[in-house]
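Using the hints, put the two standalone chains together into the complex.
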Amino acid sequence: MKKVLAILLALVMVFGVVACNPVKPTETPTEAPTEAPTDKEVEWDGAYLEEDDYKAYIKYDLQNMYDGIVDELTADQKTAVDAAKKAGEDAIDAAETIADVRKAYKDAFAAILNCVPLADGLISYSNSNNDARTTMLGILEKYAISTGITGISLFEDGGYQMFNPRITLGTETYIVGYGFGTLAEGAITADLDYEENADWKRYYHTYESDDPGTLNYLNDQGSVVGDLYGYIAASFFTTFMNETKDGYDWVPELAKEKPVAVNDDDNDGSATTWKFAVRTGKDGLKYTTNSTIASRAAFNNREVALEDYETAFKLLLTQSNQLYRGSELANSTTGAIVGAKDFYNGTAEGYSAELWDKVGITTFEENGKEYFQVTFSTALTQFYAMYYITSSLYQPIPQEFIDLVTVQNYLGYNLDATETPLDNALCLGAYAVENYTQDQQIVYKKNPNYVYADTKYQIGGIHFKIFPAAKEDTEAALNEFLAGHFDAAGIPQEHLDEYRNDPRTRTTKGTSNFKINVNATNAETWEYLFGENGVVTQTPKEDYWDVKPALGNHHFIQGLNYSIDRLTFATARGSIPSVDYLSSNYMSDPENGIAYSATDAHAKAVKQLVDNTDGCGYSLELARDYFKVALAELEADGAYTPGTKENPTVISIEIAWMYETHEERYHNEIKRLMEEAFNDESVTGGLYKLEVNFWVGNTWSDVYYNKMMIGQFDIGFGSISGNALNPLDFLSVLSSDPEISGSFTLNWGCDTNDADVYPIVYKGQRFSFDALYKAANATAVVNNGQNKASLTFDYTEIVKNADGSYTGSMVITPALPDLSVVTVTDVVCCDYERYYNGDEEYEEESVAFEVKEENNTYIVTFTVSVELAAKYANGNGTSEEPEGYTGFDFYYDFELDGSLSSGLYYSVEDYFEVE
Amino acid sequence: MTKYVLKRLGLAVITAYIVLSLTFICVKLLPFERPLGGDAVQTAYFDKQYHLGYVQRFEYENPSYGELLYKTKPDKGRSYYYYQVPVLEQYGKWISNIVTKWDWGYSKNYQPNVAATVIIGSRIGYSMKLNIISTLLAVPIGILFGIWAALKKNTMTDHTISTLVMVFISVPSFVLISFMMRVFCYNLQWLPSTWPADTAPFWNRVKGYIIPVFCLSFGSICLYCRYVRAELCEILESDYLLLARTKGLTRRQAIVRHALKNAMVPVFPMVLGEVLSIMGGSMILENLYSIPGVGKLFILSLNYRDFDILFVDMAIFTTFGLMAGVLIDLSYGFIDPRIRMGAKK
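Protein chains in written order, with the numbering used here: chain C, 1 to 915; chain E, 1001 to 1345.
So here's chain E without its partners, still in its complex pose (with noise of 0.2 angstroms):
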């Protein structure tokens, strides 16, 4: 098993490590695009990039050399002639600042001259808060009424649940959430209408919470719903719960004991899939509800241009991925017994 954990786990870095080659490598590839800003801010940007080892300067122009990104302004008859490093070039340098300086760049537009990583730090926090407590609130829920649809299969229960399942599953997150701020912010003014600020009264911080809470789970709970109903009708009309009962078992032994577990088994990494986007946060929600949360940095560093923040934003994703698939991996084992992964033959 350890040996297994291992295996998976340095798979795990290797694709990390793919993943995140391509991605600088695919993104350096596009078209180059200067930062925002006049003479000054252009030269400032071209002479960091001169320092991080990204592109070339010279005094005169180089036609042989590469890609000619930008020229200054002569000044006294002196122009500086900046000019792209081959792409590959660029990567070692990349990998070399990250591994001998864990140095992952800089914000070039977005906020300048301020650390990637520093940028994603303080963000990141309240998209996991706010992922976690919808996670806690949707999971327990949404298979409770998963259960309930279940056991009272094809009754008016079973089909009220199902129908607002169904309708729920449909509605845009940015309707409901414009819907909620408009009745209860607006017109019965009981919640706030932005995220409170961290110096706000603990009260009105633990307020701001209901509404992107409410619509973050509100998908997951319908989601958990769905599977578990499907999960455990199938399971409730199968041979061996036909068994566990006529061996004497009571209908509430047998589907604690047998039914639920077994309709787990599919359940249980959907969950543990759901804790990938605690990371990602939404960035609808975010930005209507004025969070300062992850879900819009990944594309505004993308409209920005800031590729260092997108790469920072890629690796935390991606290891957060690849983890969570071998927890879900390593998970079935736990689950149900007669997975055993990694054993010998």
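In isolation and in its complexed conformation, chain C is listed as follows (with noise of 0.2 angstroms):
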């Protein structure tokens, strides 16, 4: 009997160890055979598609870019373009073969793109009216779908939500951008009967997955935390639901009255610097807390004193708080507040007085009543003036409270934990914070020092349950909504016909589109991205992603494209099927509730999406048709050669999802669609197969983190959500500019500051996508039609020369050398390394230097005594020992178009020999 349990025994464990190491499967050699392929009908020069159908695919590529541009040629550029295009299609009628038909298109595109001007200059069309942006957001939406940085669209997320009967929402119908007005009009008309504390139970039963352990908003980066800071702090102006319940509208809460231009010299609407009336402790307005510890509970009920309001910046922009969202606001380009990038940059060390007093924010007094004064860095219209200054992160904060919490423990824990985020947040939103208990509940109360606190926000509190099943069980929320222990819930797919119909569901809108991302890059393109030397992230040689050909070529991506069943998909997912890349929910004309869907100028940009699909995207023929012409092409190129059907070429791609569940929600259908699409028999006669994988990380974010914006993917599963009133602005998310995006970017392709990769052309010129989106936002440097820096600094090491000294040069080029004025006012050498990394005091001196104007640059030459390099050299290390480096600051003044902006600084590490 032993034996046999020994046998059975070694029999398991020889199991267990093949099931953890599963034999790998034979490798599909993606090498071809040599020699052609000899089960297939070669038609047309190897084609995989007749000779007319390749021709038209392409002809339509060139008429859809021409529509792109048409309406934004003057006379003259229209009648080039015209001959152009038609040259182009009559050389691709022309062409006997695909290289051929190729070339045709590639030199229609050339001469179309002479056709029309680079843009050059100083430009800015921020200050253009709602039509004017439209456009503009239309024209860029066009180019990021051609050049398939857009990814693939699958559905919106908005959906179905089931609500607790005793609710009654504000309104019926879902309002874009606003939602059921649930909390702020909305109504609890009786108890929870399972909540056991007889205060909150007319509050609001709701629920996170997971404890964030902070409330501190200015230093994350998430939408939970928002969505929570959301609730207790208050913005200068908000919005509200209008009368007749199917908008809403702009109103003053911080403030007492919409912004007042002060400069708008003229008479346009538009200014940069705007000031409004704000609401102190002289209006009642007052701190709210609930905090039991002495010295926290001594601010409830404090007066919100004016300099208060100038506290919540200095707090954001000092860099040395380290706060997110401070960087984020410095960095900026569209309503940047003039002098907060060199007051953020300048604050390394800690506040700066000097550098505050050159930051465009002030608070006054005048006639009686306090103010707050903005300055932005280009001319803003009310509208957007009052936007860009709407944020609860402007909460005014008492120093004093700072001081006492520290910006370390601000709205979070302490280090020991003995102070919860109740403790060390002080509230002027519509609620504030009851009770924290870590891992287990967040509950706010309905704020009395509310500014609208008799009218709106009627709802005594919210009670957040922190339920991290909901994260591994999707139907975990809706059990808890059935049994009456949550107010609302969304309906899984498993429960979408049972509850779809039910009295207490309603249809929602979507804020955001997901969609799977594409990593489109050629090898070349990664490597510049992310390679050793990347300009996004470096990475070491081994870990180099193998970028797949297949996902280069845009044709192949329209097959992926339309190769989905959206309609299906989402349906039956409870969500809304979409083929764009902005949801419902942003806005064309924020102030009047138009959404961009619904325009002309999105209409034109989708076009190429929807023809001859079932509305929305698919299309089987459409999706074989362009997996044909992607493998023509890529076989022409040489990427791939076609393998046999015993043994065909696999193109393999993975796609990485967020959750182990999504594996089964979305990644298994959107395989079989893709599979099913392109491994059909009548697109290459089984020489290839397409081979989707599934990839999921330790946390949902990874997907983010440790994929996407590094580049280290194939597609990945995601969604960005922007400013839904300004999406204009949120476009920046698809620069491959890292200083655009703010290494946002799912999506990697074309360099987007290339104007030459696709034609965007607005008001007879042409501009990179990265220039235009800047021009569109803020003012752009606009050379050759690219987006630039204003200077360039270009570094030559220093020299030792015979008698000992030292000398070094600096050139400096200017963008625009025309409208560009700079002036070197010092040069110094200084110990900064040593004394950042807290070894010495600071001290730095000046050098002699010469400036020479040449070309259209200024080249420093600067010159460092024998005793300066000896003093900066001796007890600071050696060439060897390079801890000794030496910081050369250039300082200068620079002018560009009139304006002046001084104390500028560029600073080079070098180091002096030591004998």
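There's no promise every hint is true.
As the list claims (entries may be wrong) - Pairs of lysine to aspartate or glutamate, EDC-like flavour, derived with a Cα cap of 16 angstroms:
1) E:K1071 with C:E739
2) E:K1048 with C:E349
3) E:K1101 with C:D416
4) C:K607 with C:D61
5) E:K1207 with C:E195
6) C:K369 with C:D416
7) C:K456 with C:E243
8) C:K106 with C:D120
9) E:K1071 with C:E532
10) C:K471 with C:E208
11) C:K55 with C:D90
12) C:K541 with E:E1067
13) C:K103 with C:D61
14) E:K1207 with C:E196
As the list claims (entries may be wrong) - Simulated restraints, written as ranges between beta carbons of each label pair:
15) E:K1207 with C:V260: 56 to 62 angstroms
16) E:K1207 with C:P165: 56 to 62 angstroms
17) C:E675 with E:G1125: 22 to 28 angstroms
18) E:F1032 with C:D803: 44 to 50 angstroms
If you're looking for bench data, these hints aren't it; they were derived computationally from the structure. Note that the structure is a prediction, hence the values are computed from the model and not measured. We put the beta carbon where it would ideally sit given N, CA and C, even for glycine.
Quick look at the structure:
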């Protein structure tokens, strides 16, 4: 018996080992046999589709490009473009091989580009009206779709929401960009029996999957903390539902009036400086805290002082506070505040009163009223001035409170967790924190000091249950709702049929469009972006991603796009099918609540995705045809060679998802749709095989931070939401330049600052995506259609002279020499690095320098005397021990188109040889 | 005996030191992963690591130093380069921080800036309470059923108990808790469907213990029952018990005075072993029932690459594990006087 058991045990162990280390299936060679395929009927020059069909698709590309620019051409340009297009079409018709067709397309493409001059100069369209902004948005969207950097949209996250009958919604019809007004205009008409605490029975009961451990949205990038913080913080302005309950109005919250232009010199309604009266203690505005710690409780009902408004910005923008949203504000291109970036950059070691004086934020009293004034770097209309200064991040806060709780603990726990976010927050919003029990619950109570406490937010409080089961189990929240424990819940896919028509169910619009984002780079672009010296991130050679040539072919991406049956896919999952990049939440006219998705500009941009499909971008026929077009081109490029029916060439693509549950929920269906479209006998006759594989990380955010944001992916699932009221600004995330995108780019492909990749024409000039984006939102320095830095610096290392002194040089080149004047005011050598490392007190000394203007450049030559070189070299390391590196700062004033910025500097590192 | 105890304790300390050192070094040898977040977050994190002594910062590229972990975006021409300090150097710094400052580090991603010891400390109480209660429940019930089955060996009672034990030991805990939640929380609505918050009324919190305690103790009850039955069955057929009976003891006297005591020799250490799990909690149970314990924290700390939390977790598990081992060894002497450890020959 023992022997039998021993044998059984051994078998089990062997089985276990095998199960844990499955035998790797024999890999299908991707290298194709050298001989030409014999089991496919070659119809036209090796292509997988008829000559006329191939030509038709390429001509469609040409027409699509033409449609994208024609409305912005001048009459002369249109004539020239029409001729170039006609010539291109004729050349395509006459072509005899695939290579000829592609050449004809490229020639026509180049000829059309040549018809339109590249933009140059200092350009700003930020002050444009809504129609012009919508037009620019449409142009940029069309470019993004045509170049494949929008990824493949799947669905809008709206769908079905169930509400407890005790909740009276503000409106029964969902308002895009606002919602149902559940808390602001809604009411609760009965107790929640399940709630044991008598005071909380009329609170709105909902949940969060995880306890974020903080309410500090100032230092958080996610949406959970932002949502939680939004309830307890107030803004200068806010929105409430309109009287007809079909839209919303902007109203002052902390402000007492809408912004008034200070310097609208040309009376066009736009200005850089805006002021508005704000509420303070004189108007009865007071802070609220429910903390029982005496030092915190002392701030309860403390009056808001005018200087508290400035303190909020100082807190956010002081770099040493290391607040993420401060960095974001300082580096924002749209709605940038004058001096904010310089203040941020100059406060690495702490607050600087001198720099603060140059920031475009002031508060003052005038005629008995207290004002807040802000100066933006570009002129804005009243609405956008109001929009850009409206954020709960700017809620006033007393400096004494920050000193008491410390920046590190503000709105969060202290290091020994004896203070919770309840103790370290002061609330001016509709609610105040009432209870924060870690990993269990967060409870908010109506704030009696809220500006609109008497008329809005009549629901007494909000109870957030920390409910991790919701992450693992899609039904968990619904079960809680049905048991009467939560007041609202979404309907999971499995229960849609059961509850879709339930009287408790309401339909919602989405706030975000979920997509599968694509890495469409080639090896060269990938290395430029993510390689060892990548501009986005740096990757060791051994970790380089194996980019898939197929994904770099736009026709292949189109094939994937057309293969998704969104209507069936999204509807079955309770979502809204969508082929759009932006959800219906994004506004073309935010003041009047007109959605961008309803505009002609948008319809024109997405035409190519929905033409000849089911209306949601699905057409199996088109998908298969585009795969054929793509394969013909990929083969012509030498990227792939066909296999045989028995041993097909495998194109293997990995899709990265957020959760394990996504495999069943989304992946399997997407995989089926893509594979069925591509692997159909009619496409390549079985010479190729598409394999779509599943990937998931340890945490949901891995798909962003460890995959898409660093280029380690083929396709990744996800979505980014942005300023719904300013979609033109939100398009920053499509830029391949991390300076513009804030490193939030998910789709990678072409260089978006290359004006020749695909034409973008606006007002008769040709732009790169980055240049038009920047010009549309701020002021762009445009050179040859590209967005440029206004100055570039080129440093030449110091060399030792015969007398022991050192000489080095710096070449400063303005992007727009005709509009630029650079005045170098000083060159210093300093021990910044040693100071930064805490080794020494900071010290700097001026050195001799001279400036020569030559060929539109400024050449600064500087000489460090023997004594000075010895001082900064001696005792500070040697060339072998490079801790002795010395900093050189070049101080300069810069005038661009008459606008002077002074006290700027550029730094380099170098070292002196030590004998 | 004192010498033996001291020796065992000394060995436990050395073992803990080795385990923790190996954990630290092995984890640090894993490929480095940046924290989640944008540039500001990255820079802040690396600056902290620099001040903790785990990375070195330069204002220039220094390829000779080691692995480049991060480079800040150039700002007015100035960039910072962060390099990995050699692992053993980091190890020295880690030991020094613990010994001199009792500083075990801070959470990186899970709860940024909060001390790892505080995060564990705030959760361990829930797991301990749950497990102590379930152990207190499981031990007597499991032993009683084991004794009953042994005494009724090969009867219908024995077969029923043994079958039920096999059935229930095979049911995974998540199935059990899901079933219980469905019946008692959602259908009958007798019990709370999630762990009641600390602010909930007393009776509600008591009710909150029922499902997790039941689910946690179920497996243990079956296990104790099986072991006790097996041991007792063997002892009941042994010669010395027969001798005891022939010397005139009643069956009850023989069982209580001799059989049970000997049957407990292998069972008692098993109970002590269960104490180890007091700290461990149950990942699945805690997730499904929203219990803020340490069970899922261990996995979370791995998922979030929050290795400072992981090290504290490991330190606690190791210490308790080793202490339990020492206690188990010592307990043998008390249960069975024939076993004398550390005694001179």
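Here is what the structure says about each hint:
Proposed proximity of K1071 of chain E and E739 of chain C is supported: the alpha carbons are some 15 angstroms apart, at most 16 angstroms. For the proposed pair K1048 of chain E and E349 of chain C, the alpha carbon gap of about 15 angstroms is at most 16 angstroms, so the pair holds. Annotation: proposed proximity of K1101 of chain E to D416 of chain C holds, straight-line Cα distance about 14 angstroms (limit 16 angstroms). Pair hint K607 of chain C plus D61 of chain C holds up; C-alpha atoms about 12 angstroms apart against a cutoff of 16 angstroms.
Between K1207 of chain E and E195 of chain C the CA atoms are separated by roughly 14 angstroms; this keeps the pair inside 16 angstroms, and the hint holds. The straight-line distance between the Cα atoms of K369 of chain C and D416 of chain C is roughly 44 angstroms, outside the 16 angstroms bound, and the hint therefore fails. This hinted pair checks out: K456 of chain C and E243 of chain C have alpha carbons roughly 13 angstroms apart, not beyond 16 angstroms. Among the hinted pairs, K106 of chain C with D120 of chain C is inconsistent with the structure: their alpha-carbon atoms are about 25 angstroms apart, more than 16 angstroms.
The hinted pair formed by K1071 of chain E and E532 of chain C meets the criterion: a straight-line CA distance of about 11 angstroms does not exceed 16 angstroms. Distance restraint check for K471 of chain C and E208 of chain C: the Cα-Cα separation of roughly 9 angstroms lies within the 16 angstroms cut-off, and the hinted pair is therefore satisfied. Restraint check for K55 of chain C and D90 of chain C: the C-alpha separation of about 11 angstroms stays at or below 16 angstroms, so the hint holds. A threshold of 16 angstroms between alpha carbons decides the hint, and for K541 of chain C with E1067 of chain E the separation of about 12 angstroms falls inside it, so the pair holds.
Proximity of K103 of chain C to D61 of chain C is assessed by CA-CA distance (about 14 angstroms); at most 16 angstroms being required, the pair is judged to hold. Only pairs whose Cα atoms come within 16 angstroms are accepted, and K1207 of chain E paired with E196 of chain C is accepted, the gap being roughly 13 angstroms. Checked against the hint of 56 to 62 angstroms, the pair K1207 of chain E and V260 of chain C passes, with Cβ atoms roughly 60 angstroms apart. Take K1207 of chain E and P165 of chain C: their Cβ atoms lie about 26 angstroms apart, and the range 56 to 62 angstroms is violated.
The given range of 22 to 28 angstroms is broken by E675 of chain C and G1125 of chain E, whose C-beta atoms sit roughly 51 angstroms from each other. Distance hint for F1032 of chain E and D803 of chain C: a CB-CB separation of about 47 angstroms, consistent with the stated range 44 to 50 angstroms.
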